[in-house]
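Chemist: Residues per chain are reported as follows:
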Amino acid sequence: MKFTQEATACKRSMTRRRLLLLPGICPLMREALAAPTHEPQNLSFPLQAIEGAITPLDLFFVRDHFNEPELSVSAWKLKIDGRVARPAELSLADLLESPTKNLEAVLECAGNTAGGSAVSNAVWEGVPLAYLLRQAGVEPGATMVLLEGADSGRLMQDSPSSPYCRLVPIGKCLQPESLIALKLNDRFLPRRNGFPARALFPGWYAMDSVKWLQRITILRSDDPASGLQASGMNKLYNQIVETAPGNRAVTRLTGILVKSAIAWPPDNWKLPAGGHEIRGFAWTGAGLVNEVQFSSDGGAAWTPAKLELAPKPFRWVRWSCLWRASPGEHVLMSRASDDAGNSQLLKRQVGRKDGYELNFCAPVRCSVQ
Amino acid sequence: MKLFAILLLLGSILAAAECAPSSLGEKETLAKFQELDRRAQSAFERGNYAAAAQQYGEAACLVPRSARAFYGLGIAQAAAGRFPAARKALESAYAILPDNVMPLAMLARVEVAMKDINRLKEVLRLAAQRFPNDAELHSGLARFLAESHFLDLALAESLRFEQTGASDTASAVALAVLENGVGAYEDAIRNAQAVVEQSGVPNAVKASAAGVTGLSYESIGDREQAIKNLTLAIDLAPMQENSYLALAYLYEKGQRFKEAVAILERGRKQMPESVHFLLPLGSNLVWAEQYQAAVDVLNELLRKTPDAWEAYVRLAEAYRNTGRPNLETDTLRKLAQAKPDYPMVQILTARAMLTMYPVDYPAVMLTLAAAEKSAPNDADTFYLRGKAYTATGHAQEAVAAFQRAIELRPMDPSPYYQLGLTYRKLGQAELARQTLSRMEHVKQAANAPRAGQD
Chain H
1 MKFTQEATAC
11 KRSMTRRRLL
21 LLPGICPLMR
31 EALAAPTHEP
41 QNLSFPLQAI
51 EGAITPLDLF
61 FVRDHFNEPE
71 LSVSAWKLKI
81 DGRVARPAEL
91 SLADLLESPT
101 KNLEAVLECA
111 GNTAGGSAVS
121 NAVWEGVPLA
131 YLLRQAGVEP
141 GATMVLLEGA
151 DSGRLMQDSP
161 SSPYCRLVPI
171 GKCLQPESLI
181 ALKLNDRFLP
191 RRNGFPARAL
201 FPGWYAMDSV
211 KWLQRITILR
221 SDDPASGLQA
231 SGMNKLYNQI
241 VETAPGNRAV
251 TRLTGILVKS
261 AIAWPPDNWK
271 LPAGGHEIRG
281 FAWTGAGLVN
291 EVQFSSDGGA
301 AWTPAKLELA
311 PKPFRWVRWS
321 CLWRASPGEH
331 VLMSRASDDA
341 GNSQLLKRQV
351 GRKDGYELNF
361 CAPVRCSVQ
Chain L
1 MKLFAILLLL
11 GSILAAAECA
21 PSSLGEKETL
31 AKFQELDRRA
41 QSAFERGNYA
51 AAAQQYGEAA
61 CLVPRSARAF
71 YGLGIAQAAA
81 GRFPAARKAL
91 ESAYAILPDN
101 VMPLAMLARV
111 EVAMKDINRL
121 KEVLRLAAQR
131 FPNDAELHSG
141 LARFLAESHF
151 LDLALAESLR
161 FEQTGASDTA
171 SAVALAVLEN
181 GVGAYEDAIR
191 NAQAVVEQSG
201 VPNAVKASAA
211 GVTGLSYESI
221 GDREQAIKNL
231 TLAIDLAPMQ
241 ENSYLALAYL
251 YEKGQRFKEA
261 VAILERGRKQ
271 MPESVHFLLP
281 LGSNLVWAEQ
291 YQAAVDVLNE
301 LLRKTPDAWE
311 AYVRLAEAYR
321 NTGRPNLETD
331 TLRKLAQAKP
341 DYPMVQILTA
351 RAMLTMYPVD
361 YPAVMLTLAA
371 AEKSAPNDAD
381 TFYLRGKAYT
391 ATGHAQEAVA
401 AFQRAIELRP
411 MDPSPYYQLG
421 LTYRKLGQAE
431 LARQTLSRME
441 HVKQAANAPR
451 AGQD
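Chains H and L, in that order, give the protein sequences. In this text, residue positions in the first sequence follow the working numbering: the first is 1, and each later residue adds one. In this text, residue positions in the second sequence follow the working numbering: the first is 1, and each later residue adds one.
Hints were generated in silico from the structure; no laboratory data involved. In this text, all values refer to a predicted model and were calculated from it rather than measured experimentally. Among the clues, some could well be false.
Part of the chain L face toward chain H, derived, beta carbon under 8 Å [stated by the list, open to error]:
| id | residue |
| --- | --- |
| 1 | ARG160 |
| 2 | GLY183 |
| 3 | LYS269 |
Virtual Cβ for every residue (Gly too), placed ideally from N, Cα, C.
Starting from the given sequences, assemble the full structure and let the hints guide the process.
Modeler: Put into structure tokens, the structure is as follows:
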């Protein structure tokens, strides 16, 4: 089930807040937007609701595979095992007292539609995964890391019930940006975003950033990741390209492709004629966004948009473009490029047989009177 | 941990290196050490921390393996505000006596004072590794870290305390508060509820636990349980004002303004001197449409605390709703004078001035000029200016002002309406028709269902 939930920010003045000194009163004010549930959730929110560059916590997209687990901070442990010299079971206290790092990064669902809002940008805080792996003493020859969440279920009718898990190359895990994230926008992760801890691989699609993380297993290339295969999870999130009739090339999805989205106006919007500021976001997993262009005629002509902040690795950039709208029907589009030489395509790549990496330019229809 | 071991060794070596060699024999050394120790303690008790540090420093030079001397030196240096020296001395004390918790407990406090979060974490990790079952150490650190606003680390130490298996109701409530703060609502409810249900616990502690339980229930969307628990908190400890404020806030969130008023009035009866009830009470009275009572309460608040800025806005609202634009304007002017950077204060004032009779248009224009200066792109400034121009017969200027308001906020129908009327006044029927038609279009677009994007 897919749906979009409109959210309204709860704005109250600082003076009023100062009077409410009880611990937990501020979380109360922000949690009210989404009813708590244990069912798998699939939430995204209109990008137009985002002011500035940071997605507020209550507008952060959610994609669950299974029911959300309810984890106790007292009992939760993160197990590190496999090809390590010092296997460990870390408590939340251990992670809270470990060195942490803050970074701003975009997270996008691999199946986010063109122009869709299953993408968010936030400030993360967590323990560098490389630090934990160093503490555990990774054995030479280890190549992969199996990350396992506390959420579990069956992917297919005939597959066994299994925790959600992903296999990530150790090289990515050792990158300084890869974290075991504990906080989002300076607050502990909400349950729906993986409380108390999730993996975070900035620059990569979100499926590898396993939520409700409970186990990290270090593997060599010849070690079996049996749970992953038996559950069918290894078949998820692959790029499938038909190279010739009946011939398909399957490769694992990793880095986020360059993409942009129009945040305002929304699709099928009606506007009065005159000047309008078109706004949106652009991001890439490879390098920096270096250009965003805007078209009001379905991609026939393009004009450069203004990037509102200097692009930085992993985070998205907000862009805007002044459009003099004349009466009639218009198809608005945006197109981003990055400094690694990638640009959004106008249409979906020919031969793609999967439903991921939908980074082609999305049309936004607009009626002007 | 390796780094820490190196630092300890280094600290010890450096501490020893600063000493002049001693020629005293064993007995004389002991006697002199005892004398220095006694004088250091005495200086410390008198609050002469620099002198105490001097004496402890000499004692440490005399007996470089004395953990007592280094610990005393660390405490005295910390008390004197010389934190790097305190850190060095305490590291030496720990290196000499690693089985004693005191140097690490004190070192954590020094790192907090130095705001060195990485070193603080390192000390806490070491304390957890060496003294995992020392309940007193972890509960003490948790309390201290919470008081110092290191709430994440306070939670970590509270969890470590819980892991020791020791039980203590105050620590359980503190843990529940922290759990509630980080979003572990079920944990918070479980821990706090256990305290509420425990016999022999003082009512004040039970009330705090019931308060946390209520807040956590609210966070998981169970408002009735939240209200029940906060009501219990009030019944258990009627003199804790936070419970009234939190309960009133929940009623306010649910737009149950009369119930919010009732609970705040109950709190006020218990604690008539507290000013903390007045703003929420005045605000909820306004929203409950009890304007005169709101005026009384808010005026009382402003007499007692003239910098309760939001109270001016609420009071102006109460005056507006009782048809007293002069008082509304005066109130907002007072706010603008006392707090010129209060958001939108000039615009609110100008809007109030436009409802007075007679309207002082030059004063309205001056106020709007001030509003434009502080927020040049606020559409309301131009909208109100357009209205003022229209009312004073400056239709051309009004057109420009409304056009600017539309440019700044194209989806607001109000300036289109005013602009259309102004065009009519100017005899420009076609422009008036087009503008009013656009207004209808904007209204329609604003009410149209928004398409999902995903």
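Chemist: All the hints need checking, so say for each whether the structure fits it.
Modeler: These are the hints, each one checked on the structure:
1. ARG160: Status holds, d = 5 Å.
2. GLY183: Interface hint status for GLY183/L: holds (5 Å vs cutoff 8 Å).
3. LYS269: Since chain H brings no Cβ nearer than about 18 Å to LYS269/L, farther than 8 Å, the hint is violated.
In terms of the numbered hints stated before, the structure departs from hint 3 and from no other.
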